[in-house]
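Chemist: Residues per chain are reported as follows:
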Amino acid sequence: MSEAAASSEVTQVAAATSSQDPEVGLAAVAALRGLVEVLEALQVENARAKGWSWQQIAARLGVTKQAVHHKYAGRRFGFRR
Amino acid sequence: MVQRSEHADRVLDLAREEADRFGHRYLGPEHLVLAVLRDGRSGACRVLGAHGVDLAAARAALGRLVDRGVVPGPRPSDAELLGALGINLEAIRRTTEQSFGGQAVGRAVREATRARRRGVGRVPRTPLRDPPMLISQVLVHAGDQARGLGIGVIGPELLLLGVVTDIRTPWPRCMNNRWRRQLYASVGLPQGYGGAAGPLLQALGVNLDQLERALLVELGAGVP
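For the record, the sequence lines run as chains E and G. With the first letter of the first sequence counted as 1, position 41 gets the number 41 in the numbering used here; the numbers rise by one all the way through. With the first letter of the second sequence counted as 1, position 159 gets the number 159 in the numbering used here; the numbers rise by one all the way through.
It is worth saying that the hints were derived from the structure and are not from the lab. Owing to the predicted nature of the structure, the values given are computational and were not obtained by experimental measurement.
Looking from chain E toward chain G, a few residues come up when the C-beta cut is under 10 Å (computed): (1) V24; (2) G25; (3) A27; (4) A28; (5) V29; (6) A31; (7) R33; (8) V36; (9) E37; (10) L39; (11) E40; (12) E45; (13) A49; (14) A67; (15) K71; (16) Y72.
Partner residues aside, some chain G positions facing chain E, computed with beta carbon under 7 Å: (17) A112; (18) G121; (19) L128.
Each residue gets a CB set at the ideal place from its N, CA and C atoms; glycine is no exception.
Excised from the complex, chain E in its bound form (with noise of 0.2 Å):
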């Protein structure tokens, strides 16, 4: 992406969260989260598939290995210890 075209975007996210009512708004906050989570969860996963340790991963996530691991570690879905 050019440099233009990436600043044009930016300003059009700004634009879009500041000028718009609380009705879409808010639900557009919640649809984000809703991708973001599952974002997550599928590079946490591919991060503990490629050998990744949880510290390493919750480096680079800004959190704590306890918070990811508490987040992550579970029994179910292929997400290994």
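With chain E held as given, fit chain G onto it using these hints.
Modeler: What follows is chain G alone, placed relative to chain E:
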């Protein structure tokens, strides 16, 4: 095991379209009734027609239920909402599925929406999954009826019979837990929503007993 026929699947697709038309971000039994009418080629539609119900009247009645607050008004879709933030949902779906595969995305969706201890980072719903289908009870009842009548395939008539049984049967307690309430709130459904097909058919002046009898006759006529 009782399977759904292709015709019934087509009715479900039409129900999704009807939900979309009303700007509803869930699929409920009320949309199934509209879909049966819109499909127009089943015995179920004939039975509803004999009770004086047509698609235009049913849509108008559902519109009035929106005004009464029984079902929510139109809401923007997740793709539209994210589009307002400059995010292309379809592009994200495509690239993640290309990079990680559909199965991995499915696992991540379940992981993000599964019940967790103290609910850490749990979301009731994600834009990467289809709108919630709140017709599980209808499908269960349709399957029960099919087994009871010795019919191997669920068609539109059994779906409508499932809707009628669903209206008469209170939703089980497991349908009223914290996660489901969060899910309902996230699509704008009022508290205590248990399907709006009942109020819809009532507004259209349909007698449930007569409708059920007519459907059973229709099904009996269809069985060799």
